[in-house]
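Enquirer: Chain order of the listed sequences is A, B, C and D. Residue 42 in our numbering is what sits at position 42 of the first sequence, and the numbering runs on without skipping anything. Residue 6 in our numbering is what sits at position 6 of the second sequence, and the numbering runs on without skipping anything. Residue 52 in our numbering is what sits at position 52 of the third sequence, and the numbering runs on without skipping anything. Residue 134 in our numbering is what sits at position 134 of the fourth sequence, and the numbering runs on without skipping anything.
Note that these hints are calculated values from the structure, not bench results. Computed from a predicted model, the values in this text were never measured in an experiment. Worth double-checking, as some hints may not be accurate.
Identical chains share a label here; the pair holds if one copy fits it or two copies do between them.
Calculated pairs, DSS-like style, for lysine-lysine (alpha carbon to alpha carbon, straight line, at most 30 Å) [said to hold, decoys possible]:
{"id": "1", "residue 1": "K7", "residue 2": "K29"}
{"id": "2", "residue 1": "K156", "residue 2": "K86"}
{"id": "3", "residue 1": "K157", "residue 2": "K82"}
{"id": "4", "residue 1": "K129", "residue 2": "K83"}
{"id": "5", "residue 1": "K82", "residue 2": "K156"}
{"id": "6", "residue 1": "K156", "residue 2": "K83"}
{"id": "7", "residue 1": "K86", "residue 2": "K157"}
{"id": "8", "residue 1": "K6", "residue 2": "K86"}
{"id": "9", "residue 1": "K83", "residue 2": "K157"}
{"id": "10", "residue 1": "K83", "residue 2": "K6"}
{"id": "11", "residue 1": "K6", "residue 2": "K93"}
{"id": "12", "residue 1": "K93", "residue 2": "K157"}
{"id": "13", "residue 1": "K82", "residue 2": "K20"}
{"id": "14", "residue 1": "K63", "residue 2": "K83"}
{"id": "15", "residue 1": "K83", "residue 2": "K7"}
{"id": "16", "residue 1": "K93", "residue 2": "K111"}
{"id": "17", "residue 1": "K129", "residue 2": "K115"}
{"id": "18", "residue 1": "K82", "residue 2": "K27"}
Okay, here's what each chain looks like letter by letter:
There are 4 protein chains.
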Amino acid sequence: MQFLNKKAPPLEVSDWLNTKMPLTLSKLKGQVVVIHAFQMLCPGCVMYGTQQAKTIYESFNAKGVEVLGLHTVFEHHDVMDKKALKVFIHEFKIPFPVAIDRPSSSGLTPKTMAKYQLRGTPSMLIIDKVGNLVLNHFGQISDMQVGAILGQLLEKK
Amino acid sequence: MQFLNKKAPPLEVSDWLNTKMPLTLSKLKGQVVVIHAFQMLCPGCVMYGTQQAKTIYESFNAKGVEVLGLHTVFEHHDVMDKKALKVFIHEFKIPFPVAIDRPSSSGLTPKTMAKYQLRGTPSMLIIDKVGNLVLNHFGQISDMQVGAILGQLLEKK
Amino acid sequence: MQFLNKKAPPLEVSDWLNTKMPLTLSKLKGQVVVIHAFQMLCPGCVMYGTQQAKTIYESFNAKGVEVLGLHTVFEHHDVMDKKALKVFIHEFKIPFPVAIDRPSSSGLTPKTMAKYQLRGTPSMLIIDKVGNLVLNHFGQISDMQVGAILGQLLEKK
Amino acid sequence: MQFLNKKAPPLEVSDWLNTKMPLTLSKLKGQVVVIHAFQMLCPGCVMYGTQQAKTIYESFNAKGVEVLGLHTVFEHHDVMDKKALKVFIHEFKIPFPVAIDRPSSSGLTPKTMAKYQLRGTPSMLIIDKVGNLVLNHFGQISDMQVGAILGQLLEKK
C-alpha cells in the first residue's frame, strides 16, 4: 500500500454512467472520495472489490463519503466497452457513479490508470477532503482497515 | 429443487469452447455429468455458482464426473457473445468445456434452456451414468448436498 | 486422510449425554455413522468442526446417517468435565448424542482416542453400514468431500 | 447500538489474567479502549466476537487502541470459573488482558455488566481518549463499522 499524501491529479474520463452529470474531483472537495478502479471481467473485482465498494457506499455515503467506480480497461477492450459496462452496472446493481477511464491514443493502459500508476484491478484510491491522495492500494484490503481510514478522514478538520 | 429422473434431452449447442472437440450427452454416457448453466454477467453465477462448478471439477473430474458449462444467455445477448465469453473463460480460469446454448429463432430464451425449463442462472443440472436427469436446481445449493448427490451417483451401478 | 476399511473397534465410553439410552456401534449397524471427536475448548472444533457436524446431522439424519459426538479430552481434563460439557451441549445447541471418551488409568489420552489413533481434535470418523471404518480424518475437511463420502456410503449395498 | 457519550464508569474486576498488572480505565486515559465482553461458552463469542477482538488488537494495538476482554459470566458460573478461563485464554491464543467481572453478592449478573447495562454476550464497549463511553453494542457488528469508529476516535483531538 502506498500512502502518497499529495494532490490527487484530475481524473481523465471519456464518459460517465449512473450519474445525472459528470463529476470532477475538484467539485467533490470537502468530501472524502473512494475510487474503486475495476474491470468488469476481472475476477477479484466482481468477487470482492465491487461488493466492498457497494458496502462502503451503503455505510458512508450519507456521512460525507463519495464512492466512484472507475472502469480502467487495460486488456480485452472490445468486450468491456460502454455497452457491456452498462449491463454490468445494471446486473450488479451498482449504486454509485461510474467513470470510464479515457483510453490512451498509444497503448493499452488508459490515462487515469497511467497517471495514478495503478498496478492492476481492483485498486482502491482514497482522497481526503482537501484533495490529497491518501491511499493507492492494489488488491484485497480488509473492511476494518478501510473503515479506519474513512473514520479518520471524516473526522479530520 | 426438481428431481426428474427421466432421460435428459440432448443439449442444443451452437458452439463449444475450451474443448478440443464437441461433446454430446450420449458420448458421456457412463459418466456422471454436472452442467453449470450460467451467464457471464450474472452476479450469482460469478460470485458462487462458477466457483462451485470449478470445485466440483477439481474434486470429481478424476473420479468419473464430467463438468460442463452451458452459457444460456436470455438477456443482453449482444454483450455476452462468443468473443466476450472467451475472455470470461480465460480470466476466470474455467477448466472445463463450455457450450453455448443455441439461440432460438423467435424469442430470448435459448433452446437448451427452454427444453430443460431452466428458471434462470445459475442452474445446476446433474445427469446420472445412464443419462437420466437427476437434479435441475435453480440458485444456490450447498456443497454438502452437491457432494452427496455425486457420491451417490458415482456409487450407483 | 486415512482410509482404513477395516472393522471399527467398539467405542469406550464412560458416559452418554443428550440421548435417552447408551449407544453402541453394533446397535447402529445398518446405518452410516459419523463421529465428531472434539474437545469443548478446542478452537478448531467450536469454530468449524462442531458446526459441520450439526450440518451433517440436519442434512442426513433422516436419511440413515447417525451423528455422534465423542468428547475426547486429552488435556485440561478438570475444566472439560461432564458438568462443563453439559453446558456446552446446551449452549451450542448440539442436536446429537455425545459420548464421553473413557479416561485411561495411566496417561492423558482417553481410551477410544488411543484405540482409533486419533491425532487430535477435531477428528471425523465415518463408519459404513456394515461397521467398517472408512474415514479417520484429523482437522478440516470440506463439506463437498463429506457429502460425497456419505452419499456413496448411503447408496452402497 | 447505544451511543452514550458520557463518562465510562470504572470496571469492577475481581481478577486480571493475561497481564502483568491490573488495569483501570483511568490509567488508560489518552488511549482508545475496546472492551470485548464475553463468556467463554457463548457461541456468538467464540465464533465471531472473540476473533474480531483479536483482529482489532492486531490492527490497532500499536496505534493507540487498548483491547481488553471482560469475562461477564451471568449463567453457568461453576463451569466458567477462573481456572477454565485460563485454559480458554491459552487455547484461543487471546493476546490481550482479560478482566473477570466481579460477581454480585445477590443475583447472577456481575457488577460491571449491571453497571453498563449490557444486554448479553458478546458486547462491545468503546471508550474514547478522554474516558467517555462511545459505543455499547450487543451482538454482531461489522468490521467496517468498528474500523470507522476507531479511525475517528484515534484522529479526534
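Enquirer: With reference to the structure, classify each hint as holding or not holding.
Expert: Do the hints match the structure? See the list:
1. Taking the closest pair of Cα atoms, K7 and K29 come within 30 Å of each other only inside a single copy of the chain (12 Å); across copies the shortest separation is 35 Å, beyond that limit.
2. In this homomeric assembly, K156 and K86 never come within 30 Å of each other (Cα to Cα): the closest approach is 36 Å inside a single copy and 41 Å across copies.
3. When the C-alpha separation of K157 and K82 is checked against a cutoff of 30 Å, the pair qualifies neither within a copy, at 38 Å, nor between copies, at 46 Å.
4. For a Cα distance limit of 30 Å, the shortest separation of K129 from K83 qualifies neither inside one copy, at 33 Å, nor across copies, at 42 Å.
5. When the C-alpha separation of K82 and K156 is checked against a cutoff of 30 Å, the pair qualifies neither within a copy, at 37 Å, nor between copies, at 43 Å.
6. Taking identical chains as interchangeable, the C-alpha atoms of K156 and K83 are never at most 30 Å apart, the minima being 40 Å within one chain and 45 Å between chains.
7. Taking the shortest alpha-carbon separations for K86 and K157, neither the intra-copy value of 37 Å nor the inter-copy value of 44 Å comes in at or below 30 Å.
8. For the identical chains of this complex, K6 and K86 are neighbours neither inside a copy (33 Å) nor across copies (41 Å), given an alpha-carbon limit of 30 Å.
9. Taking the closest pair of Cα atoms, K83 and K157 never come within 30 Å of each other, the shortest separation being 41 Å inside a single copy and 48 Å across copies.
10. Taking the shortest alpha-carbon separations for K83 and K6, neither the intra-copy value of 35 Å nor the inter-copy value of 41 Å comes in at or below 30 Å.
11. Taking the closest pair of Cα atoms, K6 and K93 never come within 30 Å of each other, the shortest separation being 33 Å inside a single copy and 38 Å across copies.
12. For a Cα distance limit of 30 Å, the shortest separation of K93 from K157 qualifies neither inside one copy, at 33 Å, nor across copies, at 39 Å.
13. With identical chains, the CA atoms of K82 and K20 are at most 30 Å apart within one copy only, with a shortest distance of 16 Å there and 33 Å across copies.
14. With identical chains, the CA atoms of K63 and K83 are never at most 30 Å apart, being 32 Å at best within one copy and 42 Å at best between copies.
15. For the homomeric pair K83 and K7, neither the shortest alpha-carbon distance inside one copy (33 Å) nor that between copies (40 Å) is at most 30 Å.
16. For the identical chains of this complex, K93 and K111 are neighbours both inside a copy (26 Å) and across copies (28 Å), given an alpha-carbon limit of 30 Å.
17. Within a single copy, K129 and K115 get their C-alpha atoms as close as 20 Å, which meets the 30 Å cut-off; across copies the closest is 40 Å, which misses it.
18. For the homomeric pair K82 and K27, the shortest alpha-carbon distance inside one copy (24 Å) is at most 30 Å, but the shortest distance between copies (41 Å) is not.
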